[in-house]
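*Asks:* Sequence:
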Amino acid sequence: MKTLGEFIVEKQHEFSQATGELTALLSAIKLGAKIIHRDINKAGLVDILGASGAENVQGEVQQKLDLFANEKLKAALKARDIVAGIASEEEDEIVVFEGCEHAKYVVLMDPLDGSSNIDVNVSVGTIFSIYRRVTPVGTPVTEEDFLQPGNKQVAAGYV
12 MKTLGEFIVE KQHEFSQATG ELTALLSAIK LGAKIIHRDI NKAGLVDILG ASGAENVQGE
72 VQQKLDLFAN EKLKAALKAR DIVAGIASEE EDEIVVFEGC EHAKYVVLMD PLDGSSNIDV
132 NVSVGTIFSI YRRVTPVGTP VTEEDFLQPG NKQVAAGYV
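Numbering (the numbering used here), first residue to last: 12 to 170.
Keep in mind the hints are simulated off the structure, nothing from the lab. Glycine included, every Cβ here is placed at the ideal spot set by N, Cα and C. There is no bait here: all hints are sound.
Ranges between beta-carbon positions, derived for each pair:
(1) Gly149 - Ala35: 18 to 26 Å
(2) Asn128 - Met12: 24 to 32 Å
(3) Lys45 - His24: 22 to 30 Å
(4) Pro151 - Met12: 36 to 44 Å
(5) Gly70 - Gly31: 35 to 43 Å
(6) Lys13 - Pro147: 31 to 39 Å
I would like the entire structure built from these sequences, with the hints used as guidance.
*Replies:* Structure below.
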């Protein structure tokens, strides 16, 4: 058995041209997932259960946990300064990270998949997909960076 961190480091060694940026990006996702997990375990104590009253882009009622997870994962990604922007199920539009125009990756995510079933103790997790941006580095990301075919995907996962 390997941890996600061990797997990431092991795979990086297989690519001599690796700069460590993707490793740092995956580590940011790992950190965000750990924070979300920790706080879900005490969700009833900190008032992040139940409906928020808003709808996501799919027309589903957003749960407080959805919004909480979105903010935590967004903060973890922005803090590393390696992601130019994100597309989240919980956001109406793409989120451009100001000051990160130099970054070469974008992340698409569902920060907390399955949250509507958490009251019946169904598993939840974070779905993510990473792409290299197609617009020039140094400029803000656009929808074009996110609307790429699957064969251009750099990495994806469920944690």
